[in-house]
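A.B. asks: Residues per chain are reported as follows:
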Amino acid sequence: MQFGIFTVGDVTTDPTNGTTPSEHDRIKAMTTIALKAEEIGLDVFATGEHHNPPFVPSSPTTMLGWIAARTERLILSTSTTLITTNDPVKIAEDFAMLQHLADGRVDLMLGRGNTGPVYPWFGQDIRQGIPLAIENYALLHRLWREDVVDWEGRFRTPLQGFTSTPRPLDGVPPFVWHGSIRSPEIAEQAAYYGDGFFANNIFWPKEHFQRLIDLYRDRWEHYGHGPRESAVVGLGGQFFMRRNSQDAAREFRPYFDNAPVYGHGPSLEEFTDQTPLTVGSPQEVIEKTLAFRDTFGDYQRQLFLVDHAGLPLKTVLEQLDLLGEDVLPVLRKEFAARRAAGVPEGPTHAARVAERNDAAEQKEGTQR
Amino acid sequence: MTALKLTVVTAGLGKPSTTRLLADRLALATEEHLAEQERDVDTRVFELRELAGDIAQHLATGFPGPALREALDATTGADGIIAVTPVFNASYSGLFKSYADLLEADQLAGRPVLIAATGGSPRHSLMLDHAMRPLFGYLRTTVVPTGVYAAAEDWGGGTDPLIDRLPARIHRAGRELATLMAGGAAQARREPDLVPFAEQLAALRPGT
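So the protein sequences, as listed, match chains L and P. Sequential numbering of the first sequence, starting at 1, is according to UniProt numbering. Sequential numbering of the second sequence, starting at 1, is according to UniProt numbering.
Isolated chain P, as found in the complex:
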């Protein structure tokens, strides 16, 4: 069986980046669960920081430069996507949204996506559900049930003994994404066929 394509898009700005750290952990968890199902996976990671200039230029000109083209193609052609952003001013970062604005809904339809975010405080964790999930819903992707939010304290023991710690959440999310990927969710999407002209014309006849 051909290797599945996993594309990781991370919008962290720091070097090193906590957002990237979370992205890598999620990718690893997904790879492990795919390995259990004896599926090979090719993982590609794109740091939007490195594409920041290209993203701005695409917005200005309407077409991507070569490096950004590669990232966009890898995103729209993936069997599974991991999207991770820091929380800035109560939502995804502007850079992350700018990248998302370059994606077309049709191109992503049906693709499994794992959403995740990092933030300084656990109080922003619902950002995943009020901002990220609707965004990827609009893009017609299949978002896995578990979104992973990592506040600063989650990199230690966390504060709430009654909820799963970060590693458990990462593994749950990775398993969910791996299951959708292995099930061929991305391949199931149908390429839009060219509608023959006679049909386009017929659809416009009055009374139809």
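Extracted from the complex, chain L is given alone in its bound form:
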């Protein structure tokens, strides 16, 4: 089981004092948070990709490359990489390059993006979102697995005799998660390829994501990747904690009430009741997170959203200290204790290389 954080990269005014960080401040805060993630023993740091203000992370592999150079263990990932509006050839190249620089500590999560104008800005049509995701990924998948690709599709200029460089590290492409908030087609796509499926699990009640994950698991089995319990599932989550519950609610309330996504809607209490958000003590965060397993089954990756809604860097770092000291050790122990036999670990490059080698040996064995 892997634990990590994922960031949207929003520049939001702190509602308690009216200060707004500059883009530079925010970018530096994000990288500071990433280094902190490694320091407290998290496994994953993932950044979003956006092409409009107030978001700064338009160039994820640049940022992740910087972080890779200053970390040893952290897996660098995305949440999400836009498979619709990015050229799949450039995704193949950028992430293979990052994979080499980070010695394999790289995977990525593909998403369609929900900002309407981004599609026309990149020459695409939002109504073609699903077909773009399907075709572009089909190409990306081949570019990482076939040295020379001839290809023709609907959305991009054809390729004749194209080789995407650098080739994936050790001949093993970065692991791919498919993120979706509501599209069964994407769960189906993830299952078809035997890739991971990530449910954002932030803004909506868990029952919503339960349906998608159940579908993904069923289809995973259908496509012969193994029993449904062996499917690779990632979940989001979010919390704000203080040692004392009341302090957490008091401090977080103004951020919640003014948050760009859910502010000015339900009360903090209603929202924590109905969604995976926890605002309370470390013990409450532990309990709610462990309960995700009851809903979704054993899963491989848990990412938390911690830096958003204008929370100052100092507060975010304090949140991470609490996460590392009080929550993470218990979650690791408890999830491990509850895990059914045969459930795969979270994907790593080393494990995937070993798996590939085992498979090759087995094949050689049968041929002999």
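Which bits of chain L does chain P cover? Going by a derived footprint, with three or more residues having C-beta under 8 Å, they are: (1) 133–145; (2) 148–161; (3) 180–192; (4) 202–210; (5) 264–272.
Sample of chain L residues at the chain P side, in silico, Cβ under 10 Å: (6) Ile-130; (7) Leu-215; (8) Arg-219; (9) His-222; (10) Tyr-223; (11) Val-261; (12) Thr-275.
No lab work stands behind these hints, which were simulated from the structure alone. Using N, Cα and C, we set each Cβ at its ideal position, and we do this for glycine too.
Based on the hints, put chain P in the right spot on chain L.
C.D. replies: Chain P only, in chain L's frame:
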């Protein structure tokens, strides 16, 4: 035979509400016509006034609270729907439209709907045909031919001796809805199947 599900959505704001009164009469008429065909019916009535806060929150967050979830599920899962709104500024009320905005066209496709409205003046009666009918057309529902508009005076004798009075219109509309419900119009809609991935891919091949 299992009972048919009739869901009534009424956007009246008053207590008591004339819109609710009309909704109840329409529900009763529908139930009576279903009873004639020996069909049982479970009727559920949702007053949008009671869900006004939840509706606003859903618009802000993208998901419904439990009470609103129940109303939306009952609407999208109904065998027949009666939708009644007051006329505000020449159209359906904002609250009614906000609720309609939370429904997805696919979920309602083929479901029979009876549209009705209340207003102070008979001059707004065409609202049913220039606002309500297109809305439910967009939602791909089957709207019964008779829409029922009740102006204040319709609760008395009405002003035009040559047209059917309100009770006659209510019964005609109720009969039309009951007929569609009993005919299984809602069940006839096909659940969208998951398209297997190979087909999704094949559909994108150039030249197809």
